[in-house]
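Asks: If you follow the hints, you should be able to join the two separate chains into one complex; please do so.
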Amino acid sequence: MMNISKILKDSYHVMAKDMLELRRNRMQLAALFMMPLIFLLMFGFIFPSGGTQQHMPMGIVNLDQGQGSDEFLTQLNLINQNTSSMDFINYSSVNEAKTAINQGKIYGTFIIPSGFSDNITNGKSGDFTVYIDNSNPQSSMQVQQALSGILSGLNDMKAEANVLQLAKDTDQQINPQTMIFPYVLNVSTTIPGETNYFNFLAPGLMIMIVMMTVMTGIPEAISKEKEMGTFDGMLSAPISQISVIIGKTAALCTRGFVQCVIILAMAMLLFGVTIQGNLLLAFFMLLLGIFSFIGLGILAISMSGDQASGTMIVNLLMFPMIFLGGIFYPLQQMPWFMQDISKFIPLTYAADAMRKIILLNAGIGDVLFQMLILVAFGVVTMAIAVPLFRKSMTR
Amino acid sequence: MTINAIEVNNLTKKFKDFTAVDNLSLTVKEGEIFGFLGPNGAGKSTTIRMLCTLAQPTSGSAKVAGYDLIKDSDKIRQNIGLVAEKMIMYDRLTAAENLRFFGKLYDMPKQKLEERIKELLELVNMQEWENTQINKFSTGMKQRINVIRALLPEPKILFMDEPTLGLDPQTTFSIRDITRQINQEGVTVILTTHAMTEAETLSDRVAIIDHGKIAALDTPENLKNMISHGDTNVFGTKISNLTSELVNKIKSMDVVTAVAQQDDYNLKISAQGENVLNEIIDTIRGEGGNIASVTNSNESTLEDVFLAVTGKQMRDQATEKAAPTHHRHGPTPKARVR
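Chains as they are written, first to last, in my numbering: chain A, 1 to 395; chain B, 1 to 338.
Here chain B stands alone, though its shape is the one from the complex (with noise of 0.2 Å):
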């Protein structure tokens, strides 16, 4: 019998006026890769700090590991590990300092303790820097050091929020690489991320959550799959003559549900119903609108799912691989979340 690692029932953070985290009901099973996706400011951040005992929820309840996030909190940080957005880590303490204070913190016996730091630095390659400074360290080796923290205690739940943020490809692959090993070890992983392939490609189910709320929750395939063979349409267009003009008239259309503008002559646009490709096309030519190529890919992307159940599209949040800081332009400023 399978139990729920994360049970989470109508929690809701308020900040003054402002809800972050909206009534959110979910459940996570044991061994799973689940994963949040939404842009800045849609309460991914504040519902793993819920769940890490770090915040208190304005209303709701949830379980963590089995236990109540109010009643038992000490039980349920005995079980989790975190890797939080900013790195838990002090600079002028070496990367074994930092573990073993982190390590003490969990009442861990020494020499288990020792063990487990060699056997972690060794999992992300990082021995011969055992006793080197943090503030010495480049971005991706403390954020190497940052995981295997988290992994200390031998955590039954790792809460990874944006796990590879302004990392370099290489070791975005190689902290991808190790959140899917220690999943395979039994580990049950809640990842936030606005990187579209990092949850597609990791995440057993993904939650698309926006303005708090979950747009919707399903495996990748699945939600891919709901566009593809669904009601719901998306794809792309190139327009020669593009205007803000054709683009509000094309969005004030009764099928379409979204429009993207992805730079000056590229549109995606989400719409439901049969044949309304053909309503949407005539629609731009009668307005005089110049259509260079129509592209409609069978294989859709969770970009597509994105734009088509939040109206809004992820690529302006925020590309993958991108500045090393975060872009601060999402629909509600970040500030406000934290």
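Next comes chain A alone, as it looks inside the complex (with noise of 0.2 Å):
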């Protein structure tokens, strides 16, 4: 039996020699530097944006022509001046107005209907209408999210000035606002500021990369030294065949690594992800879910032989991962048949506690059960494919 130290002085000139490689060829670099970009990029933007669209242009139709439609029309742009959700362009007629929605210029129009001024006159409510196309249901939706924020905000206006009028009138002292709001909410999130998307998307991404690099890396690795007939050389020098395995891993960890950092760094730069964990306890946390895949990795290539069917089992073992590992949606929203399939996947827990020590700042405890799982994942599928690999070698 070879000793340890021996065992890691050999991972050590494997790995050497992996990177020196990797540092030659150029595409493979590229490629190295490209992709977390892209992803980040790509993932970042695909989904729609939780924000809201600006500069929506709506039609407006008044057939009131009264003092109380131009008073609710300055109103209205005032509001509408703090958020430029809308830009307003004027019509003279109703059929006007939907022949230009019809042609695509305006999304809805609002409809001041005649009597408009009288009605507030007298004490009843301003009724009027918003015409909406609702072809597009997503600036639909739009529309009428900004229009419900416009009209709390118009009504707020008006309901002051009246309340303001009434304690005139019968010589009170009030607070208009504690009259029409009585309760005030106040929300306090867990990360200070803002958040977006990338707050989400950023650790399940990293941890993501690092997993599909090492899973597709390991039976690429291998299978191309197996068939350019390198791996002979190694093998019939006195080394033990895991120092080609932990040698291997350990030049692929080294290149998810800088994946890694590429993400982070890029997820703070431009996308304002703020970092409130303990990046160390992060870093360890991506070493626990390389352990976790490097099994699964090593199970390909020791079941398939050649570097084209190791590929296809990767790819069959990734997609399902990505996709059902909670990195781009959170696993909540899914229905609960993909729920339990996701507790069968070790990215799962990876990127559920990346997610906690980065934007939660969580401590060891905190995500001591996610690291227990990783642990077993990794040492149960290794334990049934080290020995395969091992037999694969000396077929």
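Just so you know, not all the hints are guaranteed correct.
What the hints assert, rightly or not - Think about it this way: if two alpha-carbon atoms lie no more than 25 Å apart in a straight line, the pair counts; the simulated PhoX-like pairs of lysine-lysine are:
| id | chain 1 | residue 1 | chain 2 | residue 2 |
| --- | --- | --- | --- | --- |
| 1 | A | Lys6 | B | Lys110 |
| 2 | B | Lys136 | A | Lys224 |
| 3 | B | Lys118 | A | Lys9 |
| 4 | B | Lys75 | B | Lys156 |
| 5 | B | Lys224 | B | Lys213 |
| 6 | A | Lys6 | B | Lys71 |
| 7 | B | Lys75 | A | Lys226 |
| 8 | B | Lys75 | B | Lys110 |
| 9 | A | Lys391 | B | Lys29 |
| 10 | B | Lys75 | A | Lys391 |
| 11 | B | Lys71 | A | Lys391 |
| 12 | B | Lys29 | A | Lys226 |
| 13 | B | Lys86 | B | Lys136 |
| 14 | A | Lys224 | B | Lys142 |
| 15 | B | Lys86 | A | Lys226 |
| 16 | B | Lys118 | B | Lys156 |
| 17 | B | Lys110 | B | Lys71 |
| 18 | B | Lys112 | A | Lys6 |
| 19 | A | Lys391 | B | Lys14 |
| 20 | B | Lys118 | A | Lys224 |
| 21 | B | Lys29 | B | Lys75 |
| 22 | B | Lys312 | A | Lys226 |
Unchecked claim - Here chain B is said to cover these stretches of chain A; the calculated rule only asks that three of the stretch's residues, wherever they fall, bring their Cβ under 8 Å from a Cβ of chain B:
| id | region |
| --- | --- |
| 23 | 17 to 27 |
| 24 | 223 to 230 |
Hints listed in this document are in silico derivations from the structure and should not be mistaken for laboratory results.
Being a predicted model, the structure only gives us computed values, none of them experimental.
The beta-carbon is built from N, C-alpha and C at its ideal position, and this holds for glycine as well.
Replies: The following block contains the structure:
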């Protein structure tokens, strides 16, 4: 039996050799840097953003021409100035506005009926209509959201004026805001400041990229050497097969780490993601994640023998992991059976723990459960994969 | 007292139903150049892979450098060098980087390793290519580096699997020279080849191997004598109106052990017994064959031996210095063996 220091020394030689090969390969090197960039940009932007749209073109048809509607439109403009969510265009008739909608010039139109001012002066409610083009559900939703905001603003303004008027008439000292909004909501969040989708995405993406690098990398690196014949050179030398695995994994981990740093830096610089937690713990988590995937990678190459089928097996395992691991969508939003499946995927736990560490400053104690699962998954898969690998090497 | 470099006892390797190596037994003495001669798929490479601990034997045992193949595989690996069919080198690394990487796997001290690299590069006249990436090399240059890579840890036994396959004549000669040279320095060499002259000129002893079995094993001289002086006759004949029926007729003769058709007119016939030549000539004439010439040279070649012992001609499988790729129409497809 060979001693551990020899195994580790050989592992280092294999890793150094692999890194040198990578350094000489410009295309691979470029891909190494491009992959996290593209992934972050791609996944960051394909999903509809949660923010509200601005400058939505809306028509205004004022059939009233009284003082009440003028006042209403002034207030509408005033409130809209804060958010600039809408741009207003005046039309003289409803038909004209509808034509504009059909031509795609506006998303919808405000219609203020005649008698609007009279209703307000006579103490009735000022009814008006907003005609919305809902052939595009996305923009129709946006318009409605903006409308409800604007409307509550308008009502607030009007109510405040009314309350003040009442107070003056009855000679009372009144704070109109507490009259109109007796309950005030304060939202306080775990992460200070505004968060966006990247906060959710970045930690999971880091762990996913490392997983992809390691899981596709191991079968690829080993079968490439097998097919080139260089594997025989290593195995006919007095080194352990374990050294080959460790060395190759270490080289792949280094690649994965570089990619993780790129993701993290990009997420922070471009997308304003902030790190609340302990970076060291985050990288330790990354290592644990890698540990849990290695076994699967080795299993793939042991079962297949050649590069093409190895890659196929890995893809077969990887794609469900990527989509069910809760990297892109919160797991809780998935149907129950998908949630159940995701419980068998190590990526789920790794991504979850990573998010907690980076975003919530979770300590080891908070993610101990996830860590144990990852270790267990890694140990079990490797216990199956390593003997299979050794056997496949001397077939 | 000489000890045996390799002792093989009933070594067998099966791939599912296919037996690549069938109950092989032999010994190789220390300091010998031992040649395995046989067509593709004969089991040469599989035998070498097993002896290099790269493949597990299905049954049987072997000792390499005095160590048991199964129990002491680590010790065996410390004592062998391998020049495999595929070159063991990384394209993007330089010659020196390749040598250094493999040297480190043998735990060679840094200084000794550097000295050895220098020495070996000189041996193959490639000092000035030390820091050039392998992918810029010609096949011949690559193979020279590949050979000295196997020699780095000063192995006791050097395995060479088709070391001159697809090389130009010049490199072929230089590889053979190096082989002789290191053998004179005391290294035992196990060589597989399907090049007759290589087996004949390099090897002290040759095992003709076919279908995983040894068909004949002796010095090249003795193997050839077996034909010129023994019971077996191998001779060539040129028949101007050769037909396949005639070939089959000759094959069906009791005294004839093998017939190999070399081209449209020439046959090589291996037969056993006395006065067989007359008998065969009579038969050919009786069938209407028009014999243009008969050659029965006293200088028989290993090729004749091969025909006599395997019933096949070697020429079909591979011609020396032929195409750089394998000929793939051997008796068993190569793919099944790997």
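Asks: Is the straight-line distance between the alpha-carbon of lysine 6 (chain A) and that of lysine 110 (chain B) 25 Å or less?
Replies: Distance ~15 Å between lysine 6 (chain A) and lysine 110 (chain B) Cα, so the pair holds.
Asks: Is lysine 136 (chain B) within 25 Å of lysine 224 (chain A), Cα to Cα?
Replies: holds, 20 Å
Asks: Under the criterion that the straight-line Cα-Cα distance not exceed 25 Å, is the pair lysine 118 (chain B), lysine 156 (chain B) satisfied?
Replies: holds, 20 Å
Asks: Need the status of pair lysine 6 (chain A), lysine 71 (chain B): alpha-carbon distance at most 25 Å?
Replies: holds, 19 Å
Asks: Does lysine 224 (chain A) sit within 25 Å of lysine 118 (chain B), going by the straight-line distance between their CA atoms?
Replies: Not OK: lysine 118 (chain B) and lysine 224 (chain A) at ~29 Å, beyond 25 Å, violated.
Asks: Is lysine 86 (chain B) within 25 Å of lysine 136 (chain B), Cα to Cα?
Replies: holds, 17 Å
Asks: Mind checking the alpha carbons of lysine 29 (chain B) and lysine 75 (chain B) for me, to see if they're no more than 25 Å apart?
Replies: holds, 19 Å
Asks: Hey, lysine 112 (chain B) versus lysine 6 (chain A), does the alpha-carbon distance stay inside 25 Å?
Replies: Given that 25 Å is the threshold and the Cα spacing comes to 18 Å, the pair holds.
Asks: Starting from lysine 86 (chain B), check that the Cα of lysine 226 (chain A) is at most 25 Å away, please.
Replies: It holds: about 10 Å lies between the C-alpha atoms, which stays within 25 Å.
Asks: Assess, step by step, whether the Cα of lysine 224 (chain B) is no farther than 25 Å from the Cα of lysine 213 (chain B), and give holds or violated.
Replies: holds, 20 Å
Asks: Would the hint linking lysine 71 (chain B) and lysine 391 (chain A) be met if the CA-CA limit is 25 Å?
Replies: holds, 16 Å
Asks: Next pair to validate is lysine 391 (chain A) with lysine 14 (chain B); report whether the Cα-Cα distance is within 25 Å.
Replies: Holds. Lysine 391 (chain A) to lysine 14 (chain B) sits at ~15 Å (cutoff 25 Å).
Violated hints for the displayed structure, listed by number in ascending order: 9, 12, 17, 20, 22.
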